[in-house]
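Engineer: If you read the protein sequences in the order shown, they are chains L and H. Be aware that the first sequence starts at 134, since it is given in this note's numbering, and climbs by one per residue. Be aware that the second sequence starts at 10, since it is given in this note's numbering, and climbs by one per residue.
Because the hints were derived from the structure by calculation, they are not lab data. For clarity, every value in this text was computed on a predicted model and none was experimentally measured. Warning: the hint list may mix true and false statements.
Below are the DSBU-like pairs computed for lysine-lysine, each with C-alpha atoms no more than 35 Å apart in a straight line [said to hold, decoys possible]:
(1) Lys144(H) to Lys211(L)
(2) Lys227(H) to Lys214(L)
(3) Lys160(L) to Lys229(L)
Stretch-level coverage of chain H by chain L, calculated; a stretch enters the list once three of its residues show a Cβ under 8 Å from a Cβ in chain L [claimed, not checked]:
(4) 100-111
(5) 178-188
(6) 192-200
The beta-carbon is built from N, C-alpha and C at its ideal position, and this holds for glycine as well.
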Amino acid sequence: MDPIIAIIISVSLCLITVFFCYRYVKKTFDDVDYVLDSILAKKTDISLKTMEDSRLSKLGHKALRIAEMNIMDVSQIKHEKEIIQSFISDMSHQMKTPLSSVTMYTDLVLEGRITEDERQEFLYRIKKGTEKLQWMMDSLVKMSRLEVGAIELNPVPAGIKQTISESVSDVYAASVKKNISIETTYFDDIMLLHDRKWTREAIANVLENAIKYSSIGGEVNISIEKLPIYTKINITDHGIGIFSDEWNSVFKRFYRGRNAKGIDGAGLGLYLASLILEKQGGYILVDSRPGQYTTFSMFLQNCKK
Amino acid sequence: MVILKTEALKKYYGKEPNVVKALDGVDLEVQEGEFVAVVGTSGSGKSTLLHMLGGLDKPTDGKVIVGGKDISGMTDEQLTIFRRRNVGFVFQSYNLVPILNVYENIVLPIELDGNTVDQDYVENIIETLGLSEKKNHLPNNLSGGQQQRVAIARALATKPSILLADEPTGNLDTKSSQDVLGVLKMTSTKFHQTIVMITHNEQIAQLADRIIRIEDGKIVTMEGWI
């Protein structure tokens with residue numbers, strides 16, 4: 134009798150173990166299945182106990198992150214669409230003014246009932262308007278290419294001295310026109326990670342800005358300062374200045390300072406400059422005291438040894 | 010996508026009639042990948058706000074929703090796990106473990122959660138933050154700026170949903186501050202990291218995509234675009 138009872142007991146024990154194993158495996162599979170279903174249904178409110186210290190909870194947490202990433206991708210695309218839309222409306226708004234003045238003066242000249250002086254004046258204004266449109270078009274093309282990543286910046290170790298002097302030569306004509314001297318504090322050339330063509334453009338934009346908001350006969354200073362990771366290029370002017378609550382905004386697309394309304398501009402130069410620096414792992418800061426000075430500091434990465 | 014959201018968030022300290030309203034109804038939304046600066050004077054409630062966002066403290070009333078999950082009702086134990094998996098913290102003090110070297114400090118939170126280290130990702134962070142040569146150094150042999158960069162690397166290593174920084178340059182001189190700031194900015198663009206940074210300094214705040222100003226426990230302005 135005894136061996137039979139023993140066999141029965143062991144067989145039933147085996148069956149019970151198998152039953153519980155089956156239950157456990159089934160439950161785990163059901164949970165995993167549930168998580169995957171939730172991901173497919175794009176739900177992030179997975180009610181698995183994701184806040185426990187268990188293996189299943191960790192799995193649930195990771196599944197949740199995957200679902201979130203999916204949703205993020207979709208909303209990212211939506212967000213980009215919105216950016217493009219707002220961009221187009223901003224842009225058309227900016228172009229309207231010079232375009233309508235060109236149209237108006239052209240009509241007046243075509244009508245012909247004007248004096249020679251007026252005719253000269255109107256033609257001059259038409260020229261100004263088209264120049265502004267041309268400049269805006271150029272900036273917009275650059276901007277859109279940079280934004281969508283159609284242009285990849287290629288930061289390589291290169292001497293910053295040459296880049297700065299190229300930028301200065303870009304704005305030389307504008308500075309001469311306003312009798313503004315550009316002074317550079319002496320520095321030893323430093324190798325910095327930057328894309329020369331684009332960095333030249335960024336520095337020139339900031340210089341142009343400094344010249345535009347300085348009074349005639351003013352001075353613009355350039356100096357270099359080395360930090361552990363970055364090297365900064367400071368450009369200081371003594372023009373109208375920027376209020377501290379606008380320091381963040383001046384680098385936004387199409388933003389114009391409160392006290393810059395009387396001066397011609399599109400709000401693109403500084404935006405483009407900050408975009409260019411950001412694309413190469415650098416950044417730009419401003420410090421200003423209205424009526425006294427404005428310093429833009431451009432940070433570029435030092436070469437890694 | 011909104012990664013972080015508060016609804017009518019309140020935090021009161023003390024009892025009537027001496028109630029201090031540190032936060033008095035804050036409604037806030039932060040988009041995924043955004044770099045937001047919260048600016049306010051001392052006592053404005055900005056640090057209290059950060060503690061609520063990171064699940065370090067529980068609100069008196071209102072909700073904090075991180076990645077679609079309401080954390081205001083969680084137990085302490087749940088909050089601990091939530092923080093470990095979702096939030097990276099950078100404080101004014103660096104809080105590095107002095108007996109561990111730089112690399113060990115950085116991967117510590119990953120190992121605490123029992124996960125394997127994503128070597129490539131961690132190396133990328135270390136490289137980005139300019140710490141490649143300091144990997145085997147002990148924290149005490151580093152400058153303040155370097156220690157803070159290690160703290161940032163540690164906060165990033167777990168790939169958190171949000172990075173919360175409370176006066177990250179508060180203990181640093183201007184030069185180191187600008188370095189640390191640049192690194193934060195690079196992090197937000199390169200790793201598409203959502204960052205909420207608390208500061209009283211306009212110079213530092215200007216680098217953010219958006220500035221939120223807080224006074225007497227209330228948001229006064231939200232600037233910036235989109």
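Engineer: Confirm or reject each hint.
Structural biologist: Consistency of the hints with the structure:
no.: 1; hint: Lys144(H) to Lys211(L); in the structure: violated, 40 Å
no.: 2; hint: Lys227(H) to Lys214(L); in the structure: holds, 32 Å
no.: 3; hint: Lys160(L) to Lys229(L); in the structure: violated, 65 Å
no.: 4; hint: 100-111; in the structure: violated (count 0)
no.: 5; hint: 178-188; in the structure: holds (count 4)
no.: 6; hint: 192-200; in the structure: holds (count 5)
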